[in-house]
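Top line first, the protein sequences correspond to chains S and Y. Mind the numbering: the first sequence is residues 1 to 264 in the numbering used here, read in order. Mind the numbering: the second sequence is residues 1 to 629 in the numbering used here, read in order.
Since the hints were made in silico from the structure, they are not lab data. Quantities reported herein were computed from a predicted structural model and do not represent experimental measurements. Be aware that one or more of the hints could be misleading.
FRET-style restraints, in silico, Cβ to Cβ [unchecked claim]:
1) Y/LYS503 to S/TRP148: 32 to 42 Å
2) S/LYS90 to Y/VAL604: 53 to 63 Å
3) S/GLU38 to Y/ASN508: 23 to 33 Å
4) S/ILE174 to Y/LYS457: 37 to 47 Å
5) S/GLU38 to Y/SER501: 11 to 21 Å
6) S/LEU147 to Y/ASN497: 27 to 37 Å
7) Y/LEU602 to S/ARG217: 49 to 59 Å
8) Y/SER501 to S/MET107: 31 to 41 Å
9) Y/LYS626 to S/LEU147: 48 to 58 Å
10) Y/LYS503 to S/PHE94: 51 to 61 Å
11) S/PHE94 to Y/TRP594: 25 to 35 Å
12) S/ILE174 to Y/LYS626: 30 to 40 Å
13) Y/ILE591 to S/SER226: 51 to 61 Å
Cβ coordinates follow ideal geometry from the N, Cα and C atoms, glycine included.
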Amino acid sequence: MAEEKYLRMTKSERIQHFLLLSSFITLVITGFALKYPESFWVRWIIFIIGENTFEIRGLVHRIAAVVMVAAAVYHLFYVIFTARGRKLIKDLWFYRSDITDLSNSLMYLIGRRKDRPYFDRFSYIEKAEYWAVVWGTVVMGGTGVVLWFENYFLPVINVQGMNIATAIHWYEAILASLAILVWHFYFVFLNPDVSPMNKAWFTGYLTRHQMEHEHPRELAQIEAESRTRSDEIIKETAVIPDSGENGTKDTEQEETDISEDKNK
Amino acid sequence: MNIRRKFVLIAAAVFSVITLAAIAFNTSFLKARNSDECFACHEDKGLTMDKNGKKISIFVDPGLYKKSTHGGFDCKDCHEGYNPEELPHNPKKQKIDCKTCHDKVKPLEKSVHKNKDCYACHNPHYQKPVKESKGDNTAQCLNCHGNKNIKDFKTSIHSQKNLGCDACHKGGHEVQKIGKNDINTVCGKCHGSSQKDFNNSVHHTVLKGGNPNAPNCVTCHGSHRIVSSKMSIESQACLKCHLDEKLFPGEERGSAKFIANYKTSIHSSIQKDGKPAAGCIDCHGDHTVEKMTDPKESTATARMIKTCGKCHSSEVKHFENSNHGQAFLKGVKDAPSCFDCHGEHNIKSVLQADEFSKINQADMCLKCHGDNKVTKGKNNHTEDYKSSFHYIALMNGNTAAATCSNCHGAHEMKMSSDPTSNINKKNVDKTCGQSGCHTTQLSEYTGSVHEVSLMTKNNSDAPNCVDCHGNHQVKNTDSLGNAEGSKQRGIIKLCSNCHASVKIIQNNNLKNVAGTYLESFHGLAVRGGSREAADCGSCHGNHNIRHSNDTLSSINKKNLGKTCGKCHPGASDVFINSRIHISDADLDNPILNWISVIYIVLIVATIGGMTLHNILDFRRKRKDKKAGH
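Extracted from the complex, chain S is given alone in its bound form (with noise of 0.2 Å):
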């Protein structure tokens, strides 16, 4: 049986979270393998690549730091400037509901609550990971170029100040790094709901069952708009009414959460 899609991602938001995480990956190996010259993995890329290894990882980490600063940027005309940009953050912004979701969200965990919260179109979870994205982009960025044009910056900051970027790089990447892994990477592939993987950053779409369990009260909003317009809707495309244009989310969050367990 055909089933509903509701759409997550548009294509503009997918290619934004195709940018960022192809030059995330990217940066971490590249970053890492300057950090730890002799692991193993390290040794594979020299020996693929040879004796310029170097100074090409030096290459394509700053090739990689563009692409992403440029998503970044592009991203942020497209929160001003588009009207589902702007409702993006808006759904992103942080509420009080915020923290009720969250405690009832641990009793749920620990079992001391019976549902778990009745999330909107972004959950706690995707509301820090985007926050997160925000800040380590501006903080590694800024680091970054500060360490990239280190003979501008020499004289400015002195190499006291060059350390303290340094240092603050280092440390960011291991925090961002450690989030992605830990907070993201188990959302979109370990959750039992969506394992092997929520395939929602490249299709664009959720089922009815995910939203109905991730994000029931986007759902039912979606519903109850829907029968105040005409009947015919909801096959194709899932649209967010108050927008003139399609419903999307965000390009540095890139997951939903699918539970299939109610569905079936």
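We have chain S already, so just place chain Y on it with the hints.
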């Protein structure tokens, strides 16, 4: 008395005196008159006669005759039967018999002159008294013995010392030829010690053994023409026989071919006052010459250094103090002596570019030091040295490049543990930096922390040249990269030998600069394969490494901008405000400290919280899944 009687008396006295005088000289007066008759003709210098077809002078100097021992005799006393009226006076050719008077002279029978007439030697007209004629006879002998060899006697040392023929041949009527077997005895009369020496020599041994080619005194010294010049002795004597391949066949030691090498040697080719620098006897001795195998021979191994030391005294002195010399003097079997390195007859100067050239010198030393046979268990110097830049440069024609003796000294080589050794830890820098070699590097190294520590402390851990560059296998720092992947890595590894050694760091109160460097961006880059990132030497220099509070140091605060500016032009004018090797960020830099504290708390809290959250999430969802659907 009257005047007349006086006159008569005086006249009578005068007459009687005259008469008495006349009577007194009557006899000789008459005889003289007889010889004068002969001299009337024979005082003519041009007077000659034919004798057996030859024209001979029959001039007699009347003055000399009258002074001679026979001057009191009349001619006819000897020339019996001569008739002055006839020509010739002596048609019967009657011989003059000296024995008529000289019946008591020693007989000539024993002498080589027994068939000669007396006047063959004694000129009867001018014969001086025996007392006066002594020593004069050489000239007389040479009247007859006129061949060149004997005539050259006049130039001989014997003649110059006023010795005559009689000194050797006996004088007077006993004059004799000297037989080959008697020569040594005859010479020994005066040259007793030489004879004694000779009697102990190998020459005497073969002489006694009846070898017809064996030499005696005259074989070497010549017979009549004896001179004291060394040159003439050697060229005429030793080599006359010893270069003869018939006498000394083969190619072994002692053969003519072997000895012929002498002519190419430095000893032969450098000449002073027309003489070779060193001739045969300078080394082998003269009369005492022995076989090489004889321990008495001056060139026998045990005596070698003494013999060479006659001329090369300072070299031998150095040698005696060297390890080679000490071993040699102790009698160690394989210890080298002079000729083990320099060769024997074919001795060459180190300045000559053939067999004793620098490359060959290395091979020479490596004969013993190469295969570990002699230098038991020591390093394999062959492979080490032959892979060094020194050797490669030599092979490529750079004759200034060092070979063994340049560093170890030629004769003075000693173990590095000896404080006077060229290669002692404290002297190595001066050895490497000797004039014509690495002088620039020495002047840089002098005053560096390493040098100061090395020179002022005993048992300093500080490195000298060879600790970084190696000794026999010496390399420059470019080649360090060949082994380590990059030059930087090679240098880092090199410095880390000490600066990452816990023991050395503790003993010398150092900081773990290697560790902190390796964690810095420079270190990470080099570890990752960068060939541009700074290594130790980029900042600290290499030979002129100094402490940061030394104003000459490249890492002194005043100079840091310049040093960093080599790679980071932006840093040129910056007063660098932070230490580079930060071993403990917390203590060193409060801001860094806070950043790291904040981040670590943040990471632990955030990631820890996330992990916990997700574990719970995972558990709950699995539970729901099982329970629910």
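Which hint numbers does the structure go against, in order from smallest to largest?
-> Checked against the structure, the hints that fail are numbers 2, 7 and 8, while the rest are satisfied.
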